[in-house]
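> In order, the protein sequence lines correspond to chains A and B. For the first sequence, the working numbering gives the first residue as 1, with consecutive numbering after it. For the second sequence, the working numbering gives the first residue as 1, with consecutive numbering after it.
Careful: at least some of the hints might be erroneous.
Unchecked claim - Some residues of chain B that are not near chain A, with every Cβ distance over 10 Å (derived):
1. 16
2. 70
3. 217
4. 252
5. 280
6. 312
7. 403
Claimed, not checked - Just the calculated beta-carbon pair ranges, DEER-fashion:
8. A:175 <-> B:381: 17 to 25 Å
9. A:215 <-> B:17: 28 to 36 Å
10. B:289 <-> A:120: 52 to 60 Å
11. B:17 <-> A:120: 23 to 31 Å
To be verified - Calculated lysine to aspartate or glutamate pairs in the EDC-like style (CA-CA distance at most 16 Å, straight line):
12. A:70 <-> B:402
13. A:29 <-> A:208
14. B:324 <-> A:208
15. B:323 <-> A:84
None of these hints come from the bench; they were simulated from the model. All C-beta atoms in this analysis are idealised placements derived from N, C-alpha and C, irrespective of residue type, glycine included.
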Amino acid sequence: MIKMENIRKVYNTGKVEVEALRNVDLHVKRGDFLTVIGPSGSGKSTLMNIMGCLDKPTSGNYALNGLNIKDMDDNTLSELRNKEIGFVFQNFNLLPYASTYENVEMPLLFAGVSGKIRREKVTSILNKVGLSDRMHHRPNELSGGQKQRVAIARALVNSPNIILADEPTGNLDTQSGAEIMQLFVDLWKEGNTIIMITHDPRAKEYTDNFITITDGTIQA
Amino acid sequence: MIFKNIRMILRELSKQKLRTMLTLFGIFWGTTSVILLLTFGIAVKASTSKTMHGMGEAICVIWSGKTSISYGGFPKGRQLSFYNDDAQYLKDQVPLIGEISPQYSRYDIAVNVGDKKQNFTINAVWPEFQDMRNMVPREGSRFINNLDMENRRRVVFIGNEVEKTMFGDTNSVGKMMLIDGIPYKVIGVIIAKEQDGSYNGRDKYAIFMPTTTYLGIYGDRYVNNLVARAKNVNQTSQMKKAIVEAMAKKYRFAPEDTQALPIWDTTEYDQFLGTFFTGFTIFLGVVGVMTLIVGGIGIANIMYVIVEERTSEIGIKRAIGAKKRVILTQYLIETFVISSVGTIAGFLFARLLIFGINKAHLDDFVGVLILNPTIAILTIIIISSITFIAGWGPAKRASTLDPVVAING
Ligand SMILES: Nc1ncnc2c1ncn2[C@@H]1O[C@H](COP(=O)(O)OP(=O)(O)OP(=O)(O)O)[C@@H](O)[C@H]1O
Ligand SMILES: [Mg+2]
């Protein structure tokens, strides 16, 4: 499902060049639950962003569902991000002026889903993440765990095949961290492909499929 | 899709009330102040110009003076006087003259209407005087004409203040007034005009009658002064020269003796005014452009800050699947709505203020404010374009970035 070959990513900030990823080869199969670990600044988020088509590699090949993303135009990539991939950001990235409901509804608007179906989908996904009673709150009126759940609901609302999560439990207390982790495990058990950056030891209870990144390369 | 877009935009605009209000207010106020400023400037210019021209444009007022050079056997210091036929003489001698009129004047003449009594200056002139000296009769009344002259009619054309004093608020046209005990019929009243320049009193306090009538009663031998205007106002100085030469020949004084024939040439004054107004117009233009720039920078700044802030918003939307086109349409409509609502509201408010100011009768200070459509349209176009470019440009740029780059600003 995901096939990366010789991926390299260089950030060019003025004078300094940072090689965030080098010679990365990665293979993820449908239904996998892959966890990514590694020290801070090692390139985990960079890898995730490329995988989620939010960023482009400097060089190397990335094929998603057998298609090279290099050959895709912007509209196709937008549709991929919209329907195929659900991305949960390290720092939520919710729209601050929009309510829980509106944040979760947004991907459906971009997908052109009709009003009635939108309402059904948003309500049911908010039920699933346990936020039915926070529909009309804005992000700044929610706790960290609740925000993370809004972000997850938004990632899931278009029923994507791949869920990418960048430290979804990193900012949470033990209790809500456990709940969020359980949510992902449930999604995995339903057949979704999950790739998660995490240092949460609980992940190891469910999967022994993990990679370690140091200094931009995957350790064997 | 467009419809859905508009709903989404309206929703987002109303969600972000403070931001929207601030932007709208900036654009609104920018538009209002630019329009008001320019309208004020134009009104001041127009009212000053009107005041300055109240006495008439491009005319020469000619007096007889004292010679200052001995000439033709006469010593210097000789007092000259115009005779009754001098106006006609000049008209025949100087083809450059378009209109000419003698002017006889008597001051402090007793005028009676009923039991009202007051002294005024009376003048006797030809019908040509009307056009040269900007004597505009009120509707339903007229100035002295040729028939009045031929028939030596006892008719008078009076200043609006004369009417007010002698007749109160009633219409004096057709009524009689006694001047030096002799009855005259009022045939016309001058409309109220602004007059800054004058030589023997303001027209609004004066009474005018035909010279034939006047001479029949008072029998003057000398004319007070002459008023002339060139056929072609560009030839005023040639006309002056020809007049001086003709008079020098008749009265035997040196043609270069400027004191023998003092002439007030209002074209010189007009030229000064012309320069002054050109300066004023340039000043207004500069102030207008500066205001536009300052207003524009303010608005551009607001829009820019908003879009900078919005870059990450655009990144988030792109990350969850918004196509470029959707983002662009959304922000295009949004900036369009904001810039048109802001500028049109600003325009309407400026109109309202102008209406209010005119209603409050401040016209003595600023003149009547007239909203110049060109200025209004140009202001609206320029300000909304600035808003549009400032708002749309960065949004367009943000939509072409990779989502992650946009999110991180
Ligand atoms: N936009 C950027 N511009 C320049 N350098 C960047 C940018 N984003 C990341 N980097 C650099 O690339 C390297 C990898 O960053 P990345 O965010 O992938 O690390 P990470 O493994 O996710 O770290 P963390 O665990 O702290 O989230 C770091 O050295 C970082 O400084
Ligand atoms: Mg990271």
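> Next, verify each hint and record whether it holds.
Going through the hints against the structure:
1. 16: For residue 16 (chain B), whose nearest Cβ neighbour in chain A is about 5 Å away, the distance does not exceed 10 Å, so it is violated.
2. 70: Per Cβ check, residue 70 (chain B) is outside 10 Å of chain A; nearest 92 Å; holds.
3. 217: Correct as stated: the minimum Cβ-Cβ distance to chain A is 89 Å, above 10 Å.
4. 252: holds, 94 Å
5. 280: holds, 49 Å
6. 312: Violated: least Cβ distance 8 Å, not greater than 10 Å.
7. 403: The claim is violated: residue 403 (chain B) sits with its nearest Cβ about 4 Å from chain A, within 10 Å.
8. A:175 <-> B:381: 17 to 25 Å: violated, 60 Å
9. A:215 <-> B:17: 28 to 36 Å: violated, 48 Å
10. B:289 <-> A:120: 52 to 60 Å: Holds - the Cβ-Cβ distance for residue 289 (chain B) and residue 120 (chain A), about 57 Å, lies within 52 to 60 Å.
11. B:17 <-> A:120: 23 to 31 Å: holds, 30 Å
12. A:70 <-> B:402: holds, 14 Å
13. A:29 <-> A:208: With Cα atoms ~14 Å apart, residue 29 (chain A) and residue 208 (chain A) stay inside 16 Å; holds.
14. B:324 <-> A:208: violated, 40 Å
15. B:323 <-> A:84: Holds - the C-alpha atoms of residue 84 (chain A) and residue 323 (chain B) are around 15 Å apart, at most 16 Å.
In the structure shown, a violation is registered for the earlier hints numbered 1, 6, 7, 8, 9 and 14, in ascending order.
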